[in-house]
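Single-letter residue listing:
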Amino acid sequence: MLTLSGRVISKSATLSGGNEAKLYSLSTNANLPNPLREKRAFLIKQSGPVPLGYLHYFVLPGTNPTELVQENSTYLGAEFSYFGDGDVVSLSPDGRIRSIFRADSNHNSILLTEQCNNFCLMCSQPPKRIDDSWLLKEAFEAIKLIPRETKELGFTGGEPTVYGADFIKLLHHSKSWLPHTSLHVLSNGRSFAEESYAKAYADVEHHDLMVGIPIYSADPSIHDYVVQAKGAFDETVRGVLNLKRHRQRVEIRVVIHKQTCDGLPELANFIARNLLFVDQVALMGLEHIGFARANIDTLWVDPIEYKDQLSEAVRILTSYGIHAAVYNHPLCLVNADVQNAYVKSISDWKNEFAKECEPCRRKHECGGFFSSGIRNGYSQSITPFL
Amino acid sequence: MMKLNLSKEIYCLEAVQKAAYRFIDRLTVLIENDGDELACNIDPVVGHEAQFEEHIADFKREILDQQLRKQIKEETEPVRNLILAYAFSRTGLQG
Amino acid sequence: MSKFSPLAEYEPQAGQYELLPFKFEPLGDGDVVLTNFVGEFAFVTRGELQDTVSKKLKPGSSTYGLLRSRHFIREQGDAASIELLGLKTRTKYSKLRNFTNLHIFVVTLRCDHSCQYCQVSRQSENKAAFDMAADMADKGLEIVFRSPNPAIKIEFQGGEPLLNFDLIKHIVLQAKKINATQSRDLQFVITTTLSMVTDEILSFCKEHKIYLSSSLDGPEDLHNKNRPRPGRDSYGRFVDGLRRTRDVLGYDAVSALMTTSPASLTRVKEIIDEYLKHGFDGIFLRHLSPYGFAIKTKSYAAYNVDRWLDFYREGLDYVIELNKQGVRFTEQFAALLLTKMLTSNDPGFVDLMNPSGAGIAAVVFNYDGDVYASDESRMLREMGDTTFKLGNLATSTYEDIFTNEALLNALEDSFTLSAPMCSDCAFENWCGTDPVFHHAMHGDVLGRKPESEFCKRIMGVVRLLLERMKNDPKAKEIFMVWANRC
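Line order of the protein sequences matches chains P, Z and X. With this note's numbering, letter number 22 in the first sequence gets 22, and the count goes up by one each step, no holes. To convert, count from 1 in the second sequence and add 1000; that's this note's numbering. To convert, count from 1 in the third sequence and add 2000; that's this note's numbering.
Bear in mind the hints are in silico, worked out from the structure with no lab data behind them. Be aware that one or more of the hints could be misleading.
[Claimed, not checked] Listed below are the simulated DSS-like cross-link pairs for lysine-lysine, each with C-alpha atoms no more than 25 Å apart in a straight line: (1) P/Lys-144 x P/Lys-175; (2) X/Lys-2003 x P/Lys-258; (3) X/Lys-2056 x Z/Lys-1073.
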């Protein structure tokens, strides 16, 4: 599991003066043309002469550079040796370093806020009632630094649309600065129940934009309970309808746990009869992190116990021509008949395998586990394929 | 041949008529006003004499079902109009 | 103290819900099937139905959750359900405004067969008397392209249409010429026994992507008995024609339909096996058509729907078994109904639509230029009844034809939502209206549904499908695939 944020070993003097964090685009190219150096930070990963002219220098252990000036250099611990060329990092005056974007990853997401108007029982990013709009400002900056050939970028939260019109501005901004990058937004969809907001979103006319919206049950009461907000189901569904009226791409996401597993087939039926036009349905395993830990007794069910409901849901969706995808499940806990929908999926920064998996000959096909699962508890039914 | 009297307070004419219609291939039912009751004069259709008792029993159950249908229909008329208004509005989606 | 609220917090208060429009029908096993405004269904017990209507259904019970999510009841604040029902209704009727898709040209009444149940064939060699003339066909095409439908299907019927292949060629070429500036999705089909198919014919069909729709009534003896021709070789010529057609036009370019006769009723498995043998991936288990039989053999009176339903049940169960064994084979009549029961799509099957498919979905141009509202209407004419004749190509305009009183009255008077029994029927969403049949059998376009063979047949098949779906999850899976193929 990668450490995405932490503290630096030593920071330069110039930083202590400012209030705000600064973003840097990293380079490991010692021969980068001079005009390009003044806007970037050089990442020292190996011993050797230090190229001059960079805005800042980040030093990883074991490199011992000699010519560095203390004012614009920062020393990092070994946990950040995964940093690489093209990455975007944020360095704050108090010495915190955060990885904002990793160039060698296919799973980059920018956290826009921790505020949310839902309060899901299993939320992996528990909401905070604070003004964290600095995250949005940082996002605007980061987008200007992210390499233009980046294929895909995610926007997550909290609930990104709490920013209202400013979120729409961010989308316009991404379209301008990253015109070839697909965007994937995670949202509870409720803001789009307001038709004018859905229209504003559609008016961005982004070339490749998809929003992932969770619906946890066909029964409004159960959905509202899972997200801990009365009326959420109704708003979310109306939000989806408005988005589709404006021809926007929508993915329905379902996290499967004890409160949602029994209703999976009926939910598949509901989607097939009412939301046939959605672009795909993602059926996802539970991440044992955030609120899920506090509510684990309410939520935990061994996936092997709902494998048949999962199969039925996939079968229903597939029969109706809806693209279904199964994420975040170890391969040995699902039936063979979901193979076509199965995705080897967990974001690379948070997955591992359990000790039981050692002899398994199908690890390369398997999505593995969330590291949080390995740490906090996982299925007792793991069976390696021999 | 049999006569079935139904209290108007409980059974409405429409429900009895509809039930009678459903059974038109098996029973001939003529309905008349009889004070505060509806009087049904029931004869079997030719060829259905043997199951007359059975058909009468089914007919009675059908009257109850028709009452229920009427209740549902009346209660849902406003929302039915609302749905149709949506269906024919211009802001709807094409499935 | 937990900052999370329990499920009970989000459940509605008892007795506060509102009914959404729905209908119900008792099932044989004591349970009841409910159908909502757009034909989605749910199985409940009698007690649950009673509780639902008297507002006693308990929030939090599984039936409550089911009925709320399937749009049978709603709570205050459930605005999405109204929107969704409106949307689904719109989808169901969305094809209506495209208007007529199927245009049938009866290019000749001459035929080499003299099928028992056919009322239209003429053995005569007198082409002038029984062939459609080219100028008549041209007028027909004018009518065809007046249809606003972006998809147009032109179907050639007879007699044996291949006996007037020159006219078919003329019509195809002319239609394509007109279509060059209109870009409709234009499809051509020839219904034929395949007995008269030649290399020249196949070559033309290949060039213009024409489909062939043929007939296979069952095993050789049954097929030949139904379809006498000089040489008594109808089956043999079909098999040969099938092979040659597939060679040239492609495997899927030719389909087969069966005609059911009283003799078929006890041999459904053999008939299905015959279809399997010839590599078809489906069969349409048709009902007995009353028209020809009524005249020729007088055996229609002896046939009754119950016997046909036995035939159908046996056939459907056999097909379900085949599917369970991994054979991909569809029963197409079930598939039509299932599309209506399990999706918001309309399969556009002329004989099972409301409003009636007559005129709206299909129109027939007879060899003599007379225009009929449907294929059945034409057959009725052969029995001497021209009630559904809408005009003649030589003298009638498009407006004359499609605003003809005969058509409009039939459409209006047979509308199920205004019909006794139909308007209350739980299966109305899945059914259709057949004004021509009811006119022929009962003397009026509605008929008395309790006495109607049409009604008994549809209700019988629907009950069978519901029963299978209720009791056999594997059958339901199979049905779900069929429903989405249409």
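Against the structure, the hints:
no., hint, result
1, P/Lys-144 x P/Lys-175, "11 Å, holds"
2, X/Lys-2003 x P/Lys-258, "19 Å, holds"
3, X/Lys-2056 x Z/Lys-1073, "18 Å, holds"
When held up to the earlier numbered hints, the structure conflicts with none and fits them all.
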